[in-house]
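Student: Listed below, chain by chain, are the residues.
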Amino acid sequence: MQFRADQYYQVSLEPMQQARSIYQGGAAYALAIYCGGLAVESLLRAFRWADDSSFEGRHDLSELLRASGLLRIDYDSLRQKGASEEAINDQGKKLRAAMNEVVILWHNNLRFASEASLKTFLHKASRLHGIKGDPVKKHAMDFLDAAQTVINHGVMLWQLKKK
Amino acid sequence: MAAKEKIVDALFRALKPEYVRLDDDDGISGIVVSRLFEDMSALDRQTKIDEVLSAAPLSQDERRKVLMIAGVTPAEFETVGARIRVHKIRQMANGAVEVLLHGGSSDAGYVRDALNNQKGIRTTEPKPVIGAPGVLMSFRAKGPSASPLTRAKALQILKSDPYIEVMSNA
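Taken in sequence, the protein lines are chains W and Z.
As numbered in my numbering, residues 68 to 230 make up the first sequence, in order.
As numbered in my numbering, residues 184 to 353 make up the second sequence, in order.
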């Protein structure tokens, strides 16, 4: 089945809402991460497909990210309006950090991970150290926060594209 | 009132946004730009927006139509190259025009300069519009007596600036 760019865009918004509901439910953090990652992947596909529907990015987020142009920041516009270089760099850093967080946990092997296998991965990646309480919950929250940041940026860009 | 208008109304009342844009294509999605989101995580912003929607007079079907409303700060909105939005240009009786725009004093300063850069045009100090929905600034601009500034001329000047967007109903 062939999806159009605008279909990928619509599809990206629903799983993000579902991811938050699942996270708030507290019973399936790995599933919440899955839904959040799916939302970001769909968004990247929407941007990529809008330019070239023949693109074969599969599920590689890094590759999709490069091709999507989603991390585009309009530096000229910011400078023209008098934003400081520090403020401009901060916005870029914040967005890249959010995307990195998504890419790390949306690793191919983790896309279908159970709670237990996610915890094993976090342990091997030394990401459990110093976390009080449920580390999977904490990582799910960080992941969804990052995914939502990326989605917010994407929604803004998509609206500008539609003008 | 349609669901989209009810949502826009609720967002304006609760979040004092600088800008709201919602589209209704197989579901409602869009952005709300507000300073209230500063220092809030992306998830907390969504929780806040959910609270606003829950308190709005929406039926269950209308609530289900909402796909995603992204909550962003003015600084984040700037990163995508969003232009300064001129909300209204009004012709005044004394051969001047009043310009209303979304944003803070730096945005108003930029729009003012776009007019001041034209020969003979002088502008007043921008002031916030009290009681407006969202954050609006206004100032007046006047041309020389030999060539008064008309609304049409002001529109032409502002529309030609790449960093200014004149709203369709301005």
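Think of the hints as simulated: they come from the structure by calculation, not from any bench.
All C-beta atoms, glycine included, are put in the ideal place defined by N, C-alpha and C.
A portion of the hints provided could be inaccurate.
Okay, derived cross-link-like pairs now, DSSO-like style, lysine-lysine, Cα gap no bigger than 27 Å in a straight line [claimed, not checked]:
id, chain 1, residue 1, chain 2, residue 2
1, Z, 248, Z, 271
2, Z, 199, Z, 189
3, Z, 342, Z, 310
4, W, 161, Z, 231
5, Z, 187, Z, 325
6, Z, 271, Z, 189
7, Z, 248, W, 228
8, Z, 342, W, 228
9, Z, 189, W, 228
10, Z, 342, Z, 302
11, Z, 199, W, 161
12, Z, 310, Z, 325
13, W, 160, Z, 231
14, Z, 342, Z, 271
15, Z, 325, W, 204
16, W, 228, Z, 187
17, Z, 271, Z, 310
18, Z, 302, Z, 248
19, W, 228, Z, 325
20, Z, 271, Z, 199
21, Z, 325, Z, 248
22, Z, 325, W, 199
23, W, 205, Z, 231
24, W, 228, Z, 199
Examples of chain W residues toward chain Z, derived with CB under 10 Å [claimed, not checked]:
id, residue
25, 92
26, 93
27, 94
28, 139
29, 152
30, 208
Residues of chain Z placed beyond 10 Å of chain W at every Cβ, according to the derived structure [what the hints assert, rightly or not]:
id, residue
31, 185
32, 193
33, 209
34, 218
35, 229
36, 231
37, 251
38, 259
39, 264
40, 310
Student: So, for every hint listed, does it hold in this structure?
Tutor: Cross-check of the supplied hints:
Pair hint residue 248 (chain Z) plus residue 271 (chain Z) does not hold up; C-alpha atoms about 31 Å apart against a cutoff of 27 Å. Restraint check: the Cα-Cα separation between residue 199 (chain Z) and residue 189 (chain Z) comes to about 15 Å, which is no more than 27 Å; the hinted pair holds. Restraint check for residue 342 (chain Z) and residue 310 (chain Z): satisfied, since their Cα atoms lie roughly 22 Å apart, inside the 27 Å limit. Of the supplied pair hints, the one linking residue 161 (chain W) and residue 231 (chain Z) holds, its CA atoms being roughly 21 Å apart against a limit of 27 Å.
Between residue 187 (chain Z) and residue 325 (chain Z), the direct Cα distance comes to roughly 38 Å. Violation of the 27 Å bound is thereby established for this hinted pair. In summary, the hint linking residue 271 (chain Z) to residue 189 (chain Z) is supported, as the alpha carbons are separated by about 22 Å, within the 27 Å threshold. Distance restraint check for residue 248 (chain Z) and residue 228 (chain W): the Cα-Cα separation of roughly 22 Å lies within the 27 Å cut-off, and the hinted pair is therefore satisfied. The suggested pairing of residue 342 (chain Z) with residue 228 (chain W) holds, with an alpha-carbon distance near 19 Å, which does not exceed 27 Å.
Distance hint between residue 189 (chain Z) and residue 228 (chain W) is fulfilled; the C-alpha atoms sit about 25 Å from each other, no more than 27 Å. With a C-alpha separation of about 17 Å, the suggested pair residue 342 (chain Z) and residue 302 (chain Z) falls inside the 27 Å cut-off, and the hint holds. This hinted pair checks out: residue 199 (chain Z) and residue 161 (chain W) have alpha carbons roughly 24 Å apart, not beyond 27 Å. Our distance criterion of 27 Å between C-alpha atoms is met by residue 310 (chain Z) and residue 325 (chain Z), whose separation comes to about 16 Å.
Of the supplied pair hints, the one linking residue 160 (chain W) and residue 231 (chain Z) holds, its CA atoms being roughly 25 Å apart against a limit of 27 Å. Using a Cα cut-off of 27 Å, the hinted pair residue 342 (chain Z) and residue 271 (chain Z) holds, with the two alpha carbons roughly 12 Å apart. Proposed proximity of residue 325 (chain Z) and residue 204 (chain W) is contradicted: the alpha carbons are some 60 Å apart, above 27 Å. The straight-line distance between the Cα atoms of residue 228 (chain W) and residue 187 (chain Z) is roughly 21 Å, inside the 27 Å bound, and the hint therefore holds.
Taking the CA atoms of residue 271 (chain Z) and residue 310 (chain Z), the gap is near 15 Å; set against the 27 Å cutoff, the hint holds. Taking the CA atoms of residue 302 (chain Z) and residue 248 (chain Z), the gap is near 50 Å; set against the 27 Å cutoff, the hint is violated. For the given pair, residue 228 (chain W) sits about 35 Å from residue 325 (chain Z) by alpha-carbon distance, which is inconsistent with the 27 Å threshold. This hinted pair checks out: residue 271 (chain Z) and residue 199 (chain Z) have alpha carbons roughly 19 Å apart, not beyond 27 Å.
Simply put, residue 325 (chain Z) and residue 248 (chain Z) have alpha-carbon atoms about 46 Å apart, too far for the 27 Å limit, and the pair is violated. As the CA atoms of residue 325 (chain Z) and residue 199 (chain W) are separated by approximately 63 Å, the hinted pair breaks the 27 Å bound. About 20 Å separates the Cα atoms of residue 205 (chain W) and residue 231 (chain Z), which keeps this hinted pair within 27 Å; it holds. The hinted pair formed by residue 228 (chain W) and residue 199 (chain Z) meets the criterion: a straight-line CA distance of about 25 Å does not exceed 27 Å.
Below 10 Å, beta-carbon pairs count as interface contacts, and residue 92 (chain W) has none with chain Z, the closest being about 14 Å; its hint is therefore violated. For residue 93 (chain W), the interface hint is violated, the least distance from its beta-carbon to any beta-carbon of chain Z being 14 Å, above 10 Å. Look at residue 94 (chain W): its Cβ only gets to about 18 Å from chain Z, farther than 10 Å, so that hint breaks. Proximity of residue 139 (chain W) to chain Z holds as hinted, the smallest CB-CB distance being about 8 Å (cut-off 10 Å).
Among the interface hints, the one on residue 152 (chain W) is violated; its C-beta lies about 14 Å from the nearest C-beta in chain Z, farther than the 10 Å criterion. Interface hint status for residue 208 (chain W): upheld, as the beta-carbon distance to the closest one in chain Z is roughly 7 Å, under 10 Å. Every Cβ of chain W is farther than 10 Å from the Cβ of residue 185 (chain Z); the closest lies at roughly 19 Å, confirming the non-interface assignment. Listed as a non-interface residue, residue 193 (chain Z) keeps its Cβ farther than 10 Å from every Cβ of chain W; the least gap is roughly 18 Å.
Here residue 209 (chain Z) does not stay apart from chain W, with its beta-carbon only about 6 Å from theirs, under the 10 Å limit. Annotated as non-interface, residue 218 (chain Z) keeps its C-beta farther than 10 Å from every C-beta of chain W; the closest such distance is 15 Å. Distance check on residue 229 (chain Z): its Cβ comes as close as 6 Å (rounded) to a Cβ of chain W, failing to clear the 10 Å threshold; non-interface status is violated. For residue 231 (chain Z), the condition that its CB be more than 10 Å from all CB atoms of chain W holds, with the nearest at approximately 12 Å.
Listed as outside the interface, residue 251 (chain Z) is inconsistent with that label: its C-beta sits roughly 4 Å from the nearest C-beta of chain W, within the 10 Å cut-off. Distance check on residue 259 (chain Z): its Cβ comes as close as 7 Å (rounded) to a Cβ of chain W, failing to clear the 10 Å threshold; non-interface status is violated. Here residue 264 (chain Z) does not stay apart from chain W, with its beta-carbon only about 3 Å from theirs, under the 10 Å limit. With a cut of 10 Å on Cβ distances, residue 310 (chain Z) stays outside the contact zone with chain W, its closest approach being about 20 Å.
Of the numbered hints given earlier, the model fails hints 1, 5, 15, 18, 19, 21, 22, 25, 26, 27, 29, 33, 35, 37, 38 and 39; all others are met.
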